[in-house]
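Now for the letters of each chain:
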Amino acid sequence: MSNDFVVRMEHVKKTYNGYAKKINIFTDISFQLKRGEFVAVVGPTGCGKTTLINLIAGLDRPESGNIFVDGVNITKLDDNKVVELRGRKIGVVFQIHNLLPNLSVYENVELPLGIQGVNGEERKSRVNEALETANVSSYAQRKITTISVGERQMVAIARAIVTHPDIILMDEPTEYLDPFTTDMVLAFIKSSNILKGKTVLVTTHRSKVTKAAERVTALKKKLP
Amino acid sequence: MAFRNMTPIWLAVKDFQTTWFRVKLVIATIIAITADFAILFMLMNGWSNPIATALLLILASVGLSAALLHLTKRTFYEMGVFKALGASRGTIAASLFIKLFITGLVGSMIGVVIGVPIGLFFTAYISIPLPAGSFASMAPLEVLLSTVLSCILGVLVGALAGGLLTWERAKLHVSEILVNVK
Numbered sequence: 001m002s003n004d005f006v007v008r009m010e011h012v013k014k015t016y017n018g019y020a021k022k023i024n025i026f027t028d029i030s031f032q033l034k035r036g037e038f039v040a041v042v043g044p045t046g047c048g049k050t051t052l053i054n055l056i057a058g059l060d061r062p063e064s065g066n067i068f069v070d071g072v073n074i075t076k077l078d079d080n081k082v083v084e085l086r087g088r089k090i091g092v093v094f095q096i097h098n099l100l101p102n103l104s105v106y107e108n109v110e111l112p113l114g115i116q117g118v119n120g121e122e123r124k125s126r127v128n129e130a131l132e133t134a135n136v137s138s139y140a141q142r143k144i145t146t147i148s149v150g151e152r153q154m155v156a157i158a159r160a161i162v163t164h165p166d167i168i169l170m171d172e173p174t175e176y177l178d179p180f181t182t183d184m185v186l187a188f189i190k191s192s193n194i195l196k197g198k199t200v201l202v203t204t205h206r207s208k209v210t211k212a213a214e215r216v217t218a219l220k221k222k223l224p
Numbered sequence: 001m002a003f004r005n006m007t008p009i010w011l012a013v014k015d016f017q018t019t020w021f022r023v024k025l026v027i028a029t030i031i032a033i034t035a036d037f038a039i040l041f042m043l044m045n046g047w048s049n050p051i052a053t054a055l056l057l058i059l060a061s062v063g064l065s066a067a068l069l070h071l072t073k074r075t076f077y078e079m080g081v082f083k084a085l086g087a088s089r090g091t092i093a094a095s096l097f098i099k100l101f102i103t104g105l106v107g108s109m110i111g112v113v114i115g116v117p118i119g120l121f122f123t124a125y126i127s128i129p130l131p132a133g134s135f136a137s138m139a140p141l142e143v144l145l146s147t148v149l150s151c152i153l154g155v156l157v158g159a160l161a162g163g164l165l166t167w168e169r170a171k172l173h174v175s176e177i178l179v180n181v182k
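Protein chains in written order, with our numbering: chain S, 1 to 224; chain W, 1 to 182.
Excised from the complex, chain W in its bound form:
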């Protein structure tokens, strides 16, 4: 019984294995989006520039969500097979949420690791007049935390959207899912 509760995690691992090629592409896309986000976020003086930050956050969230939703779309066939073999709607949606969240988290964290040093380099060597409260006056740990939190937010939005979309799509009969894909 205890194992049954782990079924979504087990299924997510299998889903990772079977869609690994697509997952790698999505991770690469997310790395690029997050690194760009981190650099621009810092160049625009982070939280001290609320309008620019809000725009950037929306763009990054949309980008991350789009990448994760692409992966959701490409997991349609696997979803049909899992359902045909006895997986419930809830199990399928939960396993996809886990898969998307991990994919997004891995991609965005690598993006942050790449983007933050580049952003710090630019803000340190390009003499832009930085107001108080900008990244120039923030400790590196604060910079990192702000960027990481923003990315986690974006990933969470994308993974939730993917999970909900899957929940909706898993309503379809297996025959409809498999016929639509093949």
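Next up, chain S with everything else stripped away, as it sits in the complex:
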């Protein structure tokens, strides 16, 4: 059974420190992602969509509960092992992109491979493949500051897929995009060969995205 699920969260609790008291984001959440499925997570602002992505990617730690990524309980791993696992297995597209503004499009996409120690020739071919797949190769040498928000989104996607991860997590990838670019991003997610067989989780507010997904999960905001 565990082999079917590439991500499994069991009874996870997550709180944040507020000004006066602790804010419970999740008190007891369990969630699974099947290998190869495209899932959309919807819910109002503040319900924990970004936190869900952060927990699965090991960008944040829960107070209690277990999170299995490809059979490995990441809550039991030390920080360096989580970082290493994330680098190999997970690609994250952040809501605010987190691209480095003074680097070119090419250099931003190259970063995860350089960090993993992938050598020159292989690195070059994989970066070019990701750039072409995301349709951003025509402005590969331009700095991030000189391209549009929609183009940045595609660069962020290229950076997330360049390591050929099994799981791709996208945090509201269409949030700041116009309808045309939203369609472009969705078409890419649905039809790209590089995403075939990958597990894709997208958080969103947009009905267009939920219609494109194979499964939709809703998070509810807990009233204080």
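Hints listed in this document are in silico derivations from the structure and should not be mistaken for laboratory results. Keep in mind that a hint or two might mislead.
What the hints assert, rightly or not - Partial chain S-side listing against chain W, Cβ under 7 Å, derived:
#1 Asn54
#2 Val83
#3 Gly87
#4 Glu175
Using N, Cα and C, we set each Cβ at its ideal position, and we do this for glycine too.
Here the structure of chain S is known, so what remains is to put chain W in place on it, guided by the hints.
Showing chain W alone in chain S's frame:
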């Protein structure tokens, strides 16, 4: 595998590129601090005046460290992105140490090149009674080496402090780093 060991250097180069504007400002600050240090060091008769020299060394080290730590602080966001993309704590701290050391070294060496001739000019043309063992009685090479060694010491202290600070800060979860910066 061999390339993997070079990752901190590769990352330091990328970090230089992405923070180049801030690096330039820090280099300019370090040049000013080091040039002042070199001039004052020579006017105070260098090693022959141990108390003044010790005070000056402390001040210069604090100045260089502060400039380098400022750069460390301003590299917080990049650190979060590197960690999010799979860089370990050790790699991040090592790359920052390399970046700070090179920044400090370049800045201080330019400062020495500017400061030593000015200091030599002052000590040569201002008739201060100089005791034996002061710069007046030292060969120019000795003067240069003393100043360079003092500066390298200051830079090393600053780079080590920055590396250790980064090592500590890289303990934070990526979400905390990126949320704190944005």
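Quick rundown of the hints versus the structure:
Because the beta carbon of asparagine 54(S) sits about 5 Å from the nearest beta carbon in chain W, less than 7 Å, this interface hint is met. The beta carbon of valine 83(S) is positioned within 7 Å of a beta carbon in chain W (closest approach about 5 Å), and the interface hint is therefore held. Evaluation of the glycine 87(S) hint against chain W yields a held restraint, the C-beta minimum of about 2 Å falling below 7 Å. Using the Cβ-Cβ criterion of 7 Å, the hint placing glutamate 175(S) at the interface with chain W is not satisfied: the shortest such distance is roughly 15 Å.
Hint 4 alone, counting from the list given before, is not met by this structure.
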